[in-house]
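Keeping their order, the protein sequence lines are chains H and Y. The working numbering puts the first residue of the first sequence at 270, with every later residue one more than the last. The working numbering puts the first residue of the second sequence at 270, with every later residue one more than the last.
It cannot be assumed that every hint is accurate.
When chains are identical, the list treats them as one kind, so a pair holds in a single copy or across two.
Here are the simulated lysine-lysine pairs, DSSO-like style, with alpha carbons at most 27 Å apart [what the hints assert, rightly or not]:
id	residue 1	residue 2
1	Lys291	Lys306
2	Lys371	Lys280
3	Lys335	Lys306
4	Lys335	Lys311
5	Lys335	Lys316
6	Lys291	Lys280
7	Lys306	Lys409
8	Lys371	Lys290
9	Lys280	Lys311
If you're looking for bench data, these hints aren't it; they were derived computationally from the structure. Note that the coordinates shown come from a computational prediction; the quantities given were computed from them, not determined experimentally.
Given next are the chains, with one letter for each unit.
Number of protein chains: 2
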Amino acid sequence: MKKRQTKGNTKRRAPVQGRAKKTVQSILEATAQVLVKEGYAKTSTNKIAARAGVSIGTIYEYFPDKDAVVAALLNSIVFETVKRLQGRMASLIQEPLPLAAKQWLHAAVDLLGEHAGLARVVVEQIPRLQEIAAVQMIEKQMLAFARQMAVESGERYNRSNLDAGMFLVVTMVRAAVIGIALERPSHLSAEELIDELVNVMVGYYNYRPLRR
Amino acid sequence: MKKRQTKGNTKRRAPVQGRAKKTVQSILEATAQVLVKEGYAKTSTNKIAARAGVSIGTIYEYFPDKDAVVAALLNSIVFETVKRLQGRMASLIQEPLPLAAKQWLHAAVDLLGEHAGLARVVVEQIPRLQEIAAVQMIEKQMLAFARQMAVESGERYNRSNLDAGMFLVVTMVRAAVIGIALERPSHLSAEELIDELVNVMVGYYNYRPLRR
DNA sequence: AAAATATCTGAGCTACTATTCAGGTTCTAC
DNA sequence: GTAGAACCTGAATAGTAGCTCAGATATTTT
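Based on the provided sequences and hints, a complete structural model is requested.
Written out as structure tokens, the structure is:
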């Protein structure tokens, strides 16, 4: 079935003519649809080809394997969205931190919410998510925020618990954002959950343990 | 391949003789090994049977399908471990909360850490994890802690932000525990991460926003 | 318009997969 | 010791997976 060992031919043609670019685009769109409808495990290159209205061979003209198609889809969605939000993001740096954090969180929750069906599949079914470039990019932004909040919160941190704190903040905020966007109980609004999440963060950064 | 629709025959024999119980046990052990070695997607009933040294038919004598085998494995591990920790858990209720939380977190991190290889596969590759009884059981305990801490922390909460806070705490602590047990960078000890996690919680519960 | 290149097709190959079932073996109860 | 239940076997069924490749079609370059 697989031949993961003999990687050999990971390179494929890049589309150069207009029609080929459209073909690739339709493959990505079909991939999103099949993923949402069938889940990752039942998504096959044959189904993608059928839905895209292209022959199976065409997929392998541009992608070395199934995972490459999925990775390309995710990268295209995230990079496109990040580009759209870039302006808003840039202006955030000037604002007072809790407010900036709040807006960043809103943007992140919205991004996931817009593609909820796909995001659900991606988050809970796709293995090796961390290896995808687009995901790494977003986490890097989160880390920047976390570090800045820690720095501004003053002298409590030494080298070691700064690292620990940042690791936790990144891990926990990621989970919270995903939870708010995809698993939020209907009686809670994203708005109030984000407010409360900011409270968690501010509470933590303001907190001074009695003695260490 | 599958016939999820026509569920029909979900019932199988339960082992009654000693030899059958041993067989089932060896199937579960083999399942754990194959899962760790191959990952969920590449785990097949045939591989499990081969590793367990039983014929493929035997698996279907006791389990209706592949997922049932995996679910049985997880339930057996968690229930067994929970039973082992039951005494420790019970005595926790009396202790002051931050300390109790800390010990509970330690137990949870240890539990995952003891089965790290398997836990990694389970957490990142197994779909519909929430449906497994053993998982629900652990989350329920977590919720109990979160609620008690909120109650003891006094009058800040109204109905709505109490719910929001609990949702966040459960979501975030789950992610933190998994992260500490499975993705902890080597220069950070579980000990200090747990301490810092308790700080996050206590900081949050003590925090009083300026105005609402 | 011919040659070169890009694009696309789909039958076909191999390697699995989950699951069944007819029949054999071992145990337990009478 | 014999009937019947419990247990176990493994060839067989029917299906899907990923992926290749020889060749057809379309576009661009010369």
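Tested hints:
1. Taking the shortest alpha-carbon separations for Lys291 and Lys306, only the intra-copy value of 22 Å comes in at or below 27 Å, while the best inter-copy value is 40 Å.
2. With identical chains, the CA atoms of Lys371 and Lys280 are never at most 27 Å apart, being 42 Å at best within one copy and 50 Å at best between copies.
3. Taking CA atoms no more than 27 Å apart as the test, Lys335 paired with Lys306 passes in both settings, with 16 Å inside one copy and 22 Å between copies.
4. Both within a single protomer and between protomers do Lys335 and Lys311 lie at most 27 Å apart by alpha-carbon distance, with minima of 12 Å and 15 Å respectively.
5. Taking CA atoms no more than 27 Å apart as the test, Lys335 paired with Lys316 passes in both settings, with 11 Å inside one copy and 23 Å between copies.
6. In this assembly of identical chains, Lys291 and Lys280 lie within 27 Å of each other by CA distance solely inside one copy; the values are 20 Å within and 49 Å between copies.
7. Taking CA atoms no more than 27 Å apart as the test, Lys306 paired with Lys409 passes in neither setting, with 31 Å inside one copy and 31 Å between copies.
8. When the C-alpha separation of Lys371 and Lys290 is checked against a cutoff of 27 Å, the pair qualifies neither within a copy, at 38 Å, nor between copies, at 55 Å.
9. For the identical chains of this complex, Lys280 and Lys311 are neighbours both inside a copy (25 Å) and across copies (25 Å), given an alpha-carbon limit of 27 Å.
Consistency with the previously given hints fails for numbers 2, 7, 8, ordered from lowest to highest.
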